[in-house]
Amino acid sequence: MLSRVAERLYWLARYIERAENTARMVMSFNLVSLDMPKTVKLSWKGLVAVTGTDDIFDEHYQRDDERNCVKFLLADHYNPSSVFSSLKSARENVRTTRDLVPSEAWEIVNELYLFARDNMDAGIGKRGRYQFLSEIVQRCQTLTGLLAGCMSHDPAYDFIRLGRNLERADMTSRQIDVGAIRFLKKASDDPSPYDGLLWTSILRSQSGFQMYRQHVKRRINGADVVRFLLQDIPFPRAVAHALRYVQEALERLPRNEVPLRLVMQARRHALGADVDQLISEDRLHDFLDSLQQDIAEIHDAIVDTWFSLEKAA
Amino acid sequence: MSIDWKSYDPTPFYDELIQSRGKPRPVAKKLTDYLSSLDDQELQTRKQAADHAILEMGISFTVYSEGENIDRAWPFDIIPRVIPKREWQTVEKGLVQRLTALNLFIDDVYNDQKIFRDKILPKYVLNNSKNFREQCRGIHPPHGVWAHICGSDLVRDGDGTLFVLEDNLRVPSGVSYMLENRQVTKRVFPEVFENSSILPVDEYPTQLFDMLASISPRPQDFPEVVVLTPGIFNSAYFEHSFLAQRMGAELVEGADLVVGDDDCVYMRTIQGLERVDVIYRRIDDEFMDPEAFNAESMLGVPGLMRAWRNGKVGIANAPGSGVADDKVIYAYVPDMIKYYLDQDPIIPNVPTYLCVNEKEREYVLEHLDELVVKPANESGGYGMLVGPHATKKQRAEFAQLIKKDPRNYIAQPTLSLSVAPTLCEEGLEPRHLDLRPFVLQGVRTDVTAGGLTRVAMRKGSLVVNSSQGGGSKDTWIVDEEA
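Chains A and B are the protein sequences, given in the same order.
Quick note: the first sequence uses my numbering, first residue 2, plus one each step.
Quick note: the second sequence uses my numbering, first residue 679, plus one each step.
The following block holds chain A by itself, in its conformation from the complex (with noise of 0.2 Å):
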């Protein structure tokens, strides 16, 4: 298989799986957002800051209210991760690599960008938010199942496992990462019970909620949603689940030395974090921005393995 081409699959099931995971994000953070009460402030900022384009951001925008950023976060096409530039980035990559999965892909991403593109008004403003945001999520989640069902397990399909699960594990740490602000804020007067509110939106975010109640029954607490969203096996948008998944595709392509082991070190490093420390030293924020950075090295180790070949050895 052509560098090339491994390359556009593996991009186009990032582009999508970030696409789905922002869209999940800014829904969730929307109905938390309704349910807290006005003396507690929910930085939307904060929303932008976990998906590392705060730069980008205050570039273009002086005030960071709910409107800009989540305009920002869904429709600006000079946010690189927005929802739409994310669409428009998987439509590219599928385009030029229509011969190798099944033609409905093509159909599905394609039609998917246009109605983003078309529907984005309603994004952005709140009524129609919710709406707009789950049939995203929904058409993601066609795609993903059609290429499961439906794609040989090929290379080709590899590469897209590959893109996917790496990007679940750096969307999921983000999402964490969305708690992580609300504990370091602690030290304020917020009133702490509205936590919960916001831990269940994080699991729900993640269609998380009932796998949480079944695996872990407990009351929803901080500590408990991150360790699941982190280390829990059988849960497939858990860090610990993506990245073994990704260990599996890493496994099934060839000359894959350094991009294994990296991924078996940020494996071990996640699974082996003690969170409840994590949380009383006020290190989670921190932890979890070396797991993302280990996640840019094994992403850094697949491009110099497969898709960046110089000249003949």
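In short, the hints are calculated from the structure, not lab data.
Listed next, the stretches of chain A that the computed footprint assigns to chain B, with coverage defined by at least 3 CB atoms under 8 Å from CB atoms of chain B: (1) 4 to 15; (2) 94 to 102; (3) 253 to 264.
Computed beta-carbon distance windows for the label pairs: (4) B:Q923 <-> A:Q266: 36 to 46 Å; (5) A:N120 <-> B:S714: 45 to 55 Å; (6) A:Q266 <-> B:G909: 33 to 43 Å; (7) B:Q1078 <-> A:G129: 52 to 62 Å; (8) B:T884 <-> A:P103: 25 to 35 Å; (9) B:V1064 <-> A:P103: 41 to 51 Å; (10) B:G909 <-> A:G150: 26 to 36 Å; (11) A:V259 <-> B:D1083: 52 to 62 Å; (12) A:V259 <-> B:A933: 21 to 31 Å; (13) B:G926 <-> A:D36: 52 to 62 Å; (14) B:G926 <-> A:N120: 39 to 49 Å.
Beyond 10 Å from chain A on every Cβ pair, some chain B residues (computed): (15) Q719; (16) G926; (17) G989; (18) G1061; (19) G1065; (20) P1066; (21) R1085; (22) L1106.
We treat Cβ as the ideally placed atom computed from N, Cα and C, and that holds for glycine.
With chain A held as given, fit chain B onto it using these hints.
Okay, now just chain B, sitting in the frame of chain A:
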């Protein structure tokens, strides 16, 4: 109501299916009888079935001016064009003869240049040739063949004579449409296929692969053959991907290839670098190798010319083949056939006036309202003047162009191109068409059974190019004796 051939009147043109009003040509009789048996509604149903099949197969043709719209359904007319096998056998011989002479000519141009010394062709045509490549001098590609794939455009005039209108020796396209048109027609008119002997066309991808394999620098069972495309924004991308799939070859872009210090060409794969033996390139010479040609090219592969010159990779068509694509050189092809093969041309040229010659230029300038004027090195029907259809202002503009750069213009009489019944909104109507057969030359030479019939869908139009609103038809070579 069914088709009534008595109400279909192609006069004053030569019709491919109908001899005279109500009287089909013998070779087309089975088809026209069959069509008469269908009522209007049935015919429309068949047309819809064809449209649906095309959509499903994803046939598309990009037109540059349409910007972001990559896909546009390729207009297809369900009524086939029919040619008797006996006539086709002569055409085939003529096409083989022509390409053989053209390849001898290209090889001569880049090596001994005997044809100029013997004064058969004036040397000036090289000095002003856009597609002559100095970098190709002294190279001897395998089998002496430069243009491996040739798509020559044939037209029929009022009395039924076939002429070669032009030779496309750079990167001729359209063969995928020939193949898909047949698939579609088989679905739409299976009954006719059962009852007549229509020569198949499906061999092409295999023949293409065999031809490409025959120019591999490493004789082996499984040469690595790739199709080099400029990418998805190219108008013929569909065809590049189609042919790659049919041949089981990798479809690559310039960035996928790299030339090593050993002058071999490699492609970047997830397994590492893999050696490439033969490149079927679908990009123009100028963009192939920024080291040798256009340094700005982002599409090419640095060092590719070096690899080819040193015999480490086969390239089809060979760089520099386009020198014979020139319409001024076209005028000399009958002389070439005589000179290199000592034969008379089997298929005639369209009479051509070279504006570079003073007397002919004067004639052209005086008769602009009767002639078709073409630039010597354009393809796709761009930049030409159809005298009888042009305005006074357009003709005056062309007169200036010709005077300014006479070497770059030729003129031909406006042919009354043949027509064939075409299903239009108004019903069955005569529309002008041409034919592009594809000829493959390697160790051996193969000609497609028929080719791509292109039809000018607009009433009265003579321009059949897909880039200018043309469509296509399936072409049947029918063996009447079988």
